[in-house]
Amino acid sequence: MRKVMIPAPARQSQYGVAPQLVTKRVAEFPEMTSLMLSDLFADTPPLIYPSEKGISAIRDATRKALERVDMTMIKPHQSVNICASHHGFTVAGGQPYTEMLKILHDVILERTGCKDIRLRAGVGLRFRETEEYIKRFELDTYFGPKKATGVAPIDEGIPIQTEIGTLYGLKAIYDADWIVHAHNSDVREVHFHRQVDRAVKPFGMSYARIETRSTYHQNLGPRGANFTARCIFASDFVQSKFAFASFLDMSPAGVVGVDADNDLFALNDRITLKGCQYYGKIMTLLGEIDECIAVLDFPCPVPYVFAAGVVYANFVGANTDLFDIESNALPAYTWYSEAFYGKNGPLINGMTPVNPAIRICVHNYAWGGYPSAFFAEHTPTIVVGSEQAESMNRDSQNVEYMKHALIAQSTDAAMHFAYKTAKTDKVIIFDGAVGGLNLSKSLAQLLVARAPAVSRKVDEVLLPKWLRQRGIDPVAALGLAAV
Amino acid sequence: MKLVAYLATVDRDVCAGCRICSKVCPTLAITIVEKKPVVDAARCVACGNCEQRCESRAITLEKLPAPHVITVAVDDLPREQVDALCIRAGFHPSQIVCFCSNTRAEEVAAAIIKGAHSPEEITLRTGLRSGCSVECIEPALRLLQAYGITPTPPKGGWQWYGLTPTLKEIPEAVKAKYSNHGFCFEEDLKILESVVASERR
Chain A
1 MRKVMIPAPA RQSQYGVAPQ LVTKRVAEFP EMTSLMLSDL FADTPPLIYP SEKGISAIRD
61 ATRKALERVD MTMIKPHQSV NICASHHGFT VAGGQPYTEM LKILHDVILE RTGCKDIRLR
121 AGVGLRFRET EEYIKRFELD TYFGPKKATG VAPIDEGIPI QTEIGTLYGL KAIYDADWIV
181 HAHNSDVREV HFHRQVDRAV KPFGMSYARI ETRSTYHQNL GPRGANFTAR CIFASDFVQS
241 KFAFASFLDM SPAGVVGVDA DNDLFALNDR ITLKGCQYYG KIMTLLGEID ECIAVLDFPC
301 PVPYVFAAGV VYANFVGANT DLFDIESNAL PAYTWYSEAF YGKNGPLING MTPVNPAIRI
361 CVHNYAWGGY PSAFFAEHTP TIVVGSEQAE SMNRDSQNVE YMKHALIAQS TDAAMHFAYK
421 TAKTDKVIIF DGAVGGLNLS KSLAQLLVAR APAVSRKVDE VLLPKWLRQR GIDPVAALGL
481 AAV
Chain B
1001 MKLVAYLATV DRDVCAGCRI CSKVCPTLAI TIVEKKPVVD AARCVACGNC EQRCESRAIT
1061 LEKLPAPHVI TVAVDDLPRE QVDALCIRAG FHPSQIVCFC SNTRAEEVAA AIIKGAHSPE
1121 EITLRTGLRS GCSVECIEPA LRLLQAYGIT PTPPKGGWQW YGLTPTLKEI PEAVKAKYSN
1181 HGFCFEEDLK ILESVVASER R
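So the sequences go chain by chain: A and B.
Using our numbering, you'd call the opening residue of the first sequence number 1 and step up by one each time.
Using our numbering, you'd call the opening residue of the second sequence number 1001 and step up by one each time.
Calculated from the structure, these hints are not laboratory results.
Incorrect hints may appear among the rest.
Stated by the list, open to error - The calculated DSS-like cross-link candidates involving lysine-lysine, where the alpha carbons are at most 25 Å apart (straight line), are:
1. A/K441 x A/K3
2. A/K465 x B/K1190
3. A/K241 x B/K1177
Just need the whole structure built from these sequences, with the hints factored in.
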């Protein structure tokens, strides 16, 4: 069995407890081990980051990807907004995304002569999150005074006419002559976007106003919601400003490459296919877990802590196939699912329960800044430390979270309680370890045993189905002979 | 329903007078007096919008010595009146419409029937839009519209701009154009309609 990997360190943020209060990580327990994704699946793609080349691999890959992008529409006297999202700063430590943003700045300057290049970084529900990243990664210095700013969905908006009516974007995203869409292909919220138009999503989310985001989560249905981003991106207004897109091409293990294109829908088809390929196997494998203690141990809101590249919110729904958009209309967790729990239970038949394999959840370290009461209400949850409990109480999005959770004084006490209560020694740790996951030896044995059959099932049965459901032709998307 | 346990507090010496706080406050609790913000404690629902968008970090949320609950009773209204309003707006009465405050459609409907005729008043009475303040503006506007009210956005503010389309309103031509992209419009419409029609509570 391998040694555990080093978890992502605790980080200073207004959305979580102070790092000095995180005194023990669950990966430190002697019964823990680790698995690399490449140990589980032989076809795990090779990484450019992490790799022995370090961050220079991102630099080189970004420059190479941009060689095939047309930038002639950008004139020296014009302005460009490089539009980013918070999520990129949470993958693989944030350095790869930061480096891609810097190279985008440099190459646009070199090739067009344009000097007015700004960074506009959108957020989820933590309105200062990208301000924190901009400072931490010194992007304010790199882009120049007042050129790098965080934008939030409550900032000033502008109407955008779409083929379904008026939606609203953020004025600061579109206040340049041209916009460059800088994102990544980590599937992350597959429970929401269902790997449909993944590349386009920020146009309906981190670049959008509250009205648009509310449309996504309340007006258009669990799958129809994904049309929000497409109709905004396809609008005449956005098309008149869109220059090109550049993406970190992600696998659950790390960065596979950089993809860039003037045609966002072509790029979208490529990352949709690769997202299903790369993430489909590990997500399906995690669905094989029969019983476990789930540990949250990463500087992120509850649903976004991740293990093996998979966020906790996906594990909460891993008892069904999240990529199957036809027969799995309402995964265990989406905001539509949450909305449809009445005062006495589900309002309709056929709603998927939260993954029953999660016997108990140990919240050792995770942030507020996302409405997370659903998770504590549907899974027994124990929060480590009264300070962390108070930080959840203080968060306006989580005033209900601690109504459903217990408090333990220490990580040791929480795990002791969890073992006794859950009556299982299988533990999965969502601590952001890069390239694989930390877990108990007993769970590692289960995953290793089940991985070959899962791999075959995805290759032969599930992947063809997932692609057909999305109208993706692998030959056209990637020029493959067959998938 | 929302337990309000904090109050936005301004350090006037640090405040640079940008006025953004007053533009993002969902209850219009902040007014500008002599170029600096003043918080009406009775209207503050502790959402934190002002604190998070303040450019000079002059606003903090201070714990209240006596937290209070904001909520609207539903049971003192005729059940059929509340239900009918929710259903006209396309919601089941027990459907959650604000994930931060756990507010259900029926409470918003009751607030409207009792005189909350703008998103600001709905927030003040129910706690809807007092958490993330992002995801629940459209339910408020849809319920107001179903009651026959077309509110006007706060002048000069960024609180909200207007109603947006629902699944029912997507043109047939658009549905046909994107029929093989995985949006599942018709199937999702059936789900939403089955929720509204449910007799469960």
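Given hint B/K1177 paired with A/K241 - CA-CA distance at most 25 Å: 24 Å, holds
Given hint A/K3 paired with A/K441 - CA-CA distance at most 25 Å: Given that 25 Å is the threshold and the Cα spacing comes to 10 Å, the pair holds.
25 Å Cα cutoff - pair A/K465, B/K1190: 23 Å, holds
Against the hints set out earlier in the document, no violation occurs for any number.
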